[in-house]
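S.K.: Can you build the whole structure from these sequences, using the hints too?
Protein chains: 2
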Amino acid sequence: MKVVVIGAGNVATHLAKAMQQADLQIDQIWSHQYKNSEQLAKEVNAKPIVELSEINKQADLAVVSIKDDAIAEIATQLREFKGCIVHTSGSVNINVFSQIADNYGVLYPLQTFSKNKEINFSNVPLCLEANNQKTLQLLHHIASLLSNSVFEIDSQKRTILHLAAVFACNFTNHMYALANQIVSKNDLPFDILKPLITETAAKVQNALPLQVQTGPAVRHDETTLQKHEELLKQMPQLLEIYKTLSEDIKNQIS
Amino acid sequence: MKVVVIGAGNVATHLAKAMQQADLQIDQIWSHQYKNSEQLAKEVNAKPIVELSEINKQADLAVVSIKDDAIAEIATQLREFKGCIVHTSGSVNINVFSQIADNYGVLYPLQTFSKNKEINFSNVPLCLEANNQKTLQLLHHIASLLSNSVFEIDSQKRTILHLAAVFACNFTNHMYALANQIVSKNDLPFDILKPLITETAAKVQNALPLQVQTGPAVRHDETTLQKHEELLKQMPQLLEIYKTLSEDIKNQIS
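Chain order of the listed sequences is A and B. Going by numbering that gives the first Met the number 0, the first sequence opens with residue 0, and the numbers climb by one from there. Going by numbering that gives the first Met the number 0, the second sequence opens with residue 0, and the numbers climb by one from there.
Honestly, the hints are just simulated from the structure, not real lab data. Small disclaimer: the values here were computed from a predicted structure and weren't measured. Treat each hint with caution, since some may be false.
Which copy is meant is left open, so a pair is good if it fits within one copy or across any two.
[What the hints assert, rightly or not] Straight line, CA to CA, 25 angstroms or less: simulated SDA-like cross-link-like pairs of lysine to any residue:
1) K156 with I191
2) K81 with I93
3) K249 with N115
4) K193 with F150
M.R.: Quick look at the structure:
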């Protein structure tokens, strides 16, 4: 099976590598920055292309893994492509391809990717959607080569998942960033918080978050809450977040 | 060395077990709920006591691991105790013991503990503080038997650490809870988010959070941000949190 990858960012890179390791042939890479296509092409033994018009129209699959806002525009340049076209976005509707292809879908990996961090792709949940049964079967086949965790998720539910992922990943990472801001400002090492971060994530692998919440807010420990608010007086943005989230935790019923 | 543990909650339980495994002798357990002392005593081969006046005054160490608000009052009942007294709280000053003991300090384990979840105590950062050199040495000795990660942290810095831990742990767990709320409301499984949660925590073990942030806010992807805000219209509290945190992420400079 021959695959063309359109994009060379974090998702495109990890997906292309995983596909290559699964013995899918990455034929071509296109990115709007040629040096990125060149680099990724080298890593997965593919050919970088300068113009989308150079695309191998006979390839089986085109994976569009670029900025959400750019997908619709790039799609219009893929009208000649004969194979199946998918994007990898959490929040773009499958219909973005309805005017330009017969067989299309979505292959959304629900994970956070950084270019320089290896990932075990077999654990990455892959959310599939297709415009017809034949394409769905093709995507299931490809997904099963890449991951042990495959789900059929339609566009509406995928947007919901993507929103939940913002809380579970981006906002969580922001909490780490704020914690780091607090310790750094006081000459304390971020390292000391790392086992806590690991354990907090580990706890919810086997229990619901509400059941394992700890800390002053869930205990309604007003003395500590006030002490913390006092400490944050010099950091008004953090103080606001502290108050909002503590209030929200106090109001949660487990 | 003989240890008396005052308290039988999450921290007391994990600490008592770790001490027993390190061949420290847990002599007695007291808790304001006798059935809890009885249960923990059974687990660590100690004697449960009903009244604090029954405490073995000749024991080497008393560990006060109870609610912050109760420490000062319990301390007044430990005047007769001859050994070293420590508490395990992140936000109570060491001076809580200054009127009732000669040798006292703090042994604060910077970790989130749940009763039914085992933990590798050797990775738990232990923050030590003592009122004199002799006590500090004793605490270093004990801490070194329990963990490979020992820090001297004074009361003021410990409060800061505890505040940072609220962000890194309690608020993070709350983000997981909100993510779960979003998926549950839409009949999607929380399981699908678990690899993402694990990877998000793993990424900051070797990089600063600001350097590895992903998602719509850091990309200033207004289309997706607006789509998400639209989806949260029926959940006003989540909408407020979404807006506040996205704004904060947009304003961060990495």
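S.K.: For each hint, tell me whether it holds in the structure or not.
M.R.: Hint-by-hint comparison with the structure:
Taking identical chains as interchangeable, the C-alpha atoms of K156 and I191 lie at most 25 angstroms apart only when they sit on different chains, with a minimum of 12 angstroms there against 38 angstroms within one chain. With identical chains, the CA atoms of K81 and I93 are at most 25 angstroms apart within one copy only, with a shortest distance of 18 angstroms there and 73 angstroms across copies. Taking the shortest Cα distances, K249 and N115 sit within 25 angstroms of each other only across copies (23 angstroms), while inside one copy they are farther apart (39 angstroms). In this assembly of identical chains, K193 and F150 lie within 25 angstroms of each other by CA distance solely across copies; the values are 14 angstroms between and 32 angstroms within a copy.
Of the numbered hints listed earlier, not one is contradicted by the structure.
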